[in-house]
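Given next are the chains, with one letter for each unit.
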Amino acid sequence: MAPLRRLVVDVLKPHSPPLDEFAGHLGEVESVAAVTATLIELDKEVQNVEITFEGQDLDADTIEAAVEEFGGTVHSIDQVACGEYVAEDRRTVRDP
Amino acid sequence: MAPLRRLVVDVLKPHSPPLDEFAGHLGEVESVAAVTATLIELDKEVQNVEITFEGQDLDADTIEAAVEEFGGTVHSIDQVACGEYVAEDRRTVRDP
Amino acid sequence: MAPLRRLVVDVLKPHSPPLDEFAGHLGEVESVAAVTATLIELDKEVQNVEITFEGQDLDADTIEAAVEEFGGTVHSIDQVACGEYVAEDRRTVRDP
Amino acid sequence: MAPLRRLVVDVLKPHSPPLDEFAGHLGEVESVAAVTATLIELDKEVQNVEITFEGQDLDADTIEAAVEEFGGTVHSIDQVACGEYVAEDRRTVRDP
Amino acid sequence: MAPLRRLVVDVLKPHSPPLDEFAGHLGEVESVAAVTATLIELDKEVQNVEITFEGQDLDADTIEAAVEEFGGTVHSIDQVACGEYVAEDRRTVRDP
Amino acid sequence: MAPLRRLVVDVLKPHSPPLDEFAGHLGEVESVAAVTATLIELDKEVQNVEITFEGQDLDADTIEAAVEEFGGTVHSIDQVACGEYVAEDRRTVRDP
Amino acid sequence: MAPLRRLVVDVLKPHSPPLDEFAGHLGEVESVAAVTATLIELDKEVQNVEITFEGQDLDADTIEAAVEEFGGTVHSIDQVACGEYVAEDRRTVRDP
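Residue numbers (this note's numbering), protein chains in the order written: chain P, 843 to 938; chain C, 843 to 938; chain D, 843 to 938; chain Y, 843 to 938; chain V, 843 to 938; chain B, 843 to 938; chain R, 843 to 938.
Just chain P, same shape as in the assembly (with noise of 0.2 Å):
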């Protein structure tokens, strides 16, 4: 398959660990150069982040189970990038 340079996760955290430990921990995955976590919505229990991971050639699965080694679940997967270089999406004027 093609190298997996980007990819960008919807995940359901739990409170602990504290964000910054988690995103410590995937960055730690070999395949990872960069990793970073935004805040989308948090309620009593559980945070939902989005996560964006950035690599030569990511490996997609040790990455979904370094989220839920740390207790975190993949809501969904919200982009991904493969081949050379990313190539970005952008809006058309058809877009709003």
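I should point out that these hints are in silico values taken from the structure, not numbers from a laboratory. The model shown is predicted, which means the values in this text are computed figures rather than measured ones. Don't be surprised by glycine CBs; every beta carbon is placed ideally from N, CA and C. Where hints are given, some of them may not hold.
Unchecked claim - Derived list of chain R stretches under chain B, where covered just means 3 residues or more per stretch with a C-beta under 8 Å from a C-beta of chain B:
{"no.": "1", "stretch": "849 to 863"}
{"no.": "2", "stretch": "876 to 885"}
{"no.": "3", "stretch": "892 to 906"}
{"no.": "4", "stretch": "911 to 917"}
Dock chains C, D, Y, V, B and R against the given chain P, drawing on the hints supplied.
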């Protein structure tokens, strides 16, 4: 025909294979240099994704066949760019 | 006349040929360096697309003839840029 | 007077000549380096277009005469920029 | 006083002289390197324009006098920038 | 304390001195390299302005004293940036 | 854990110390290269501020302790970025 350099398609796909595998396979199609798939909407059965392909001379038929091979259907072709380079469509002062 | 460097037209076209072939043929017109076609709207019969042509000295008549040759009709000319370079139309503080 | 480097005018023009010819002629006016015409609105009789002229020292009177020569009328001057370079008007934190 | 590098004023002016001449004269004021005038609104009597002046050390009084000399009145000073360079006011995450 | 590199304050000031003189004086405060004042709102008595100060090591107390010296009052401190450089606050995918 | 390069937190703080001193102290925390604090909202008792920290390997616990030392409380961690560089979270075509 002038070489196809960007192809943006609206695709309906089943939940399996997951988006990262789906795009990984599409990224292996001969003429594809980079492919980005963005989840637009999903329900219990299907995912609606927008897929942006870039390359020097994309082969649209082979790409469409690969989408179908992995269970997807091209709902519409949203944008194409052909020629020596990609001419960006710009919002004019008339567009919202 | 000053050379035409960008031509943006609003076109109605039938579903066939598909957008990639339609733009591929338009990209072969002598004066066209690059062409981008964006789907604005579609219904059962026709597709409304916005097409951006760029080149050093575009020949609008030949382009319009090619659009018609492949089943389309130019609904309106939305933007043209002529001269030594393309002067971008900018939103002033008055525009929304 | 300080040299006029950008002139943006709101013009009403008949459907003929078409926008590409209209702008092509305006682009031949002596002081004009580049001209971009964007269709704002049209009805059965006329087209409302916004035209951006750029040059080192634009001659507004000659430009206005050329607009009229090809059937158009300048409805308003929307922006002018004079001096050593074009100072961009910027949205301040107060503007929407 | 620290040198004034950008001055943005809200001006009411009669229809005559036209905006290009009005700005052309303002561009001749000693300290002005560039001036951009944008039409905000107009009615039968007057035009409301926003004028952006840029220079190394703008003389606000002389500029205001020149505005009045050519029939305009400064309604408000909307932005000023002084010092070694122009510090851009940025929308913070709080601004809409 | 880490050096203060940007200070954005919300200020109420009387109509006199005018904004260009007001900012000109603030630009003379020792630690200020650049100052931009933007009019947010005005009524018969006062002007509400947002002032952005930039420098290598701004002295907030001296700046606040200068604002008061020329008749203004600091209504709130809206943003500060300290350290080796200015870290821009970015809208995350959660912000509107 | 992968090095923490950006930390964005939502903080409630009393009016004293003022925001410039508060951020100045946070900027002195060992791992912090730059810190920007933006006022989101304020009422009689407290200020709600968003604070962006950047550095090569931020120490979140020490930072949180410093926030508390100067009277603030971390309400939520809004964004973290870890790894070799900061991967920007991008609005996809799905986001408003």
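Taking the hints in turn, this is what the structure says about them:
no., hint, result
1, 849 to 863, "holds (count 5)"
2, 876 to 885, "holds (count 7)"
3, 892 to 906, "holds (count 4)"
4, 911 to 917, "violated (count 0)"
Of the numbered hints stated above, the single one contradicted by the structure is hint 4.
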